[in-house]
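Place chain G on chain S using the hints.
Number of protein chains: 2
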Amino acid sequence: MSTPKKPNNEAIERLIANRKKHTESLTLDQLVTGIRANNRGVLSESITLVESSEVQQAALGQEVLQACLPYSGNSIRIGITGVPGVGKSTFIEEFGLFLAERGKKVAVLAIDPSSEVSKGSILGDKTRMNNLAVHPNAYIRPTATSGSLGGVARKTRETILLTEAAGFEVILIETVGVGQSETEVHSMTDFFLLLMLAGAGDELQGIKRGIMEMADAILITKADGENVKKANLARSEYKNALHLFPAKSNEWIPRVETVSSSEKRGIEKTWDIITSFNELVTSNGAKNKNRDAQQIYWMHETVKEQLLKEFTATSGIQEEITKQSSALKSGKTTSYQAATKIINYYKNAKR
Amino acid sequence: MSTPKKPNNEAIERLIANRKKHTESLTLDQLVTGIRANNRGVLSESITLVESSEVQQAALGQEVLQACLPYSGNSIRIGITGVPGVGKSTFIEEFGLFLAERGKKVAVLAIDPSSEVSKGSILGDKTRMNNLAVHPNAYIRPTATSGSLGGVARKTRETILLTEAAGFEVILIETVGVGQSETEVHSMTDFFLLLMLAGAGDELQGIKRGIMEMADAILITKADGENVKKANLARSEYKNALHLFPAKSNEWIPRVETVSSSEKRGIEKTWDIITSFNELVTSNGAKNKNRDAQQIYWMHETVKEQLLKEFTATSGIQEEITKQSSALKSGKTTSYQAATKIINYYKNAKR
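From first to last, the protein sequence lines stand for chains S and G. Following the working numbering, the numbering of the first sequence begins with 1 at its first residue and continues without gaps. Following the working numbering, the numbering of the second sequence begins with 1 at its first residue and continues without gaps.
Hints listed in this document are in silico derivations from the structure and should not be mistaken for laboratory results. Only a predicted model underlies this, so the values are computations on that prediction, with no experimental measurement involved. Watch out, some of these pointers could steer you wrong.
Because identical chains cannot be distinguished in the list, a pair is counted as satisfied if it fits within a single copy or across any two copies.
What the hints assert, rightly or not - Lysine to aspartate or glutamate pairs mimicking DMTMM-like chemistry, simulated, CA-CA at most 25 Å apart:
(1) K323 with D292
(2) K341 with D292
(3) K350 with E63
(4) K239 with D272
(5) K264 with E101
(6) K347 with E54
Next up, chain S with everything else stripped away, as it sits in the complex (with noise of 0.2 Å):
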């Protein structure tokens, strides 16, 4: 990867550049360091290393992070959310370039399940994000989205801590308004943005049952030429529908704004929105409170899903519940008395 500007740190660039010829591997020491001096190739080298699915690899990738932590932190995290058509990758760029160009460093981390089956918008992201990529202020990473939704989820929340360290201060998560993705994006991050097309109806079909919940701010996007009454017409609606929802404990009351990319409008509000934002919670103290009860969150999160994958390779295992479930459907036996039975033949197969 190029960047435009030179990074600050030159015998980092030529290690890397001397080592891409000898297929060596960069130190600890190395990755930390180039990390630390904000040089992209490196942060993208540590990034792989933590997505590694190979031990040694994912083991250098884990004391790379360690090495991190200190440095990490110093952002402001936003998940960005919204059904394909949105708008969000134009929004995304608009957004990331006014940021840039203000000084700020950005980076955009994208999860989408999608990809995989190449008919997803990471391409057209990438694409469409060309005057964003190649900002000396901006880095665009998409989620290797292969394994486990939790594994996804960890590799999302260990390159945020990365590009922390490499010293960007706002962090977009983006993510497609659809599936499980919405939920664990917002339990990584302390603003959550909610897209949204005028016209509420057939569109919002795609937007899972309580994301509209979760919004620190829903904005409504295209809202230019004919679309403008329409936009507006959407924003009082929507803000009589949250005024439905609870309070929250961090004491935001969520904000709608109509926004158009192509016309830059709404961007700059968008940014002051978000400002205001971290200037509360960081002042009353919920910003720091809800980081460390996601931590803790994802702490027990993951040892769920190490027992039950523990469980779940138990060899027949999955026989049994096919069994149990049939017996179930047929009207046969209680969930209680199938569940007993799955766990008694797990215990057994252990010992």
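Just chain G, lined up with the frame of chain S:
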């Protein structure tokens, strides 16, 4: 428990009467026959067995349940929630009486975690549901709330099956509109009824996020006297809000109505709505599909609960979790690394 009408099985009545003197247990056959004869005493005793933490009693309870399974399922299971003060018990009494007087056999099960500390509404319910409690077609039973949330959920699910085997056709499962219990009740019922007060605002604070989206119908309560106008306004507000939620896969479009329990208005309408719902989901197969999914869901939840229980019972594991949580909060480790250490501790402890 006495009922105004004698049950149709006098032999069972005699048996219970005699047994009480000798503190003998009824046999499995006697219990099942008693339940099938709609004998409230035997039903209550069987529920107590299912709820028991004493091993032998619990085992007998499971046998009774197993024997009752072929006779269960012929009902509409209705979950009812709303914040304290919304008029839930008054509504349930009027609604239950309306059905009981039309010859429907109605069972009311109440999950109320607050009853343990004797400040809950169960006592209030009992007092206020006097008319329903003595009606020959009605049966009221609060669910024992000791034990884990999962335990309470299991007891309620199994109580539903027993009351169905006893011939009850309408099962009302009441929960308090705070905490976890709504989601659980939603996962064991066919129809979810949310009671709301007019004047959206502070009253909503107690409603957990996402509850509104689970509702198949919202009733605005206390729509009488000076409240009528406010209730009608709330009705259209909620209708608009529900409109923003995605369509349900069972093809049901949630309804919003106003009710007055004191003036007995909206009660019949509510039953009409539930009847329409039941006809729709019976004919399109969604009712059975949903019940199957619920059973499988609870089987998996119980398996997870058992796995976690075994994990949590590991000697020293709480200390390890506390240690790792502290390391997390002070920024010395990541969620993944902390979880890995906890899992390693667990695996070593098991060896």
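Handout entry: Hints breached by this structure
Key = Violated hint (a single one): 3; every other hint is consistent with the structure.
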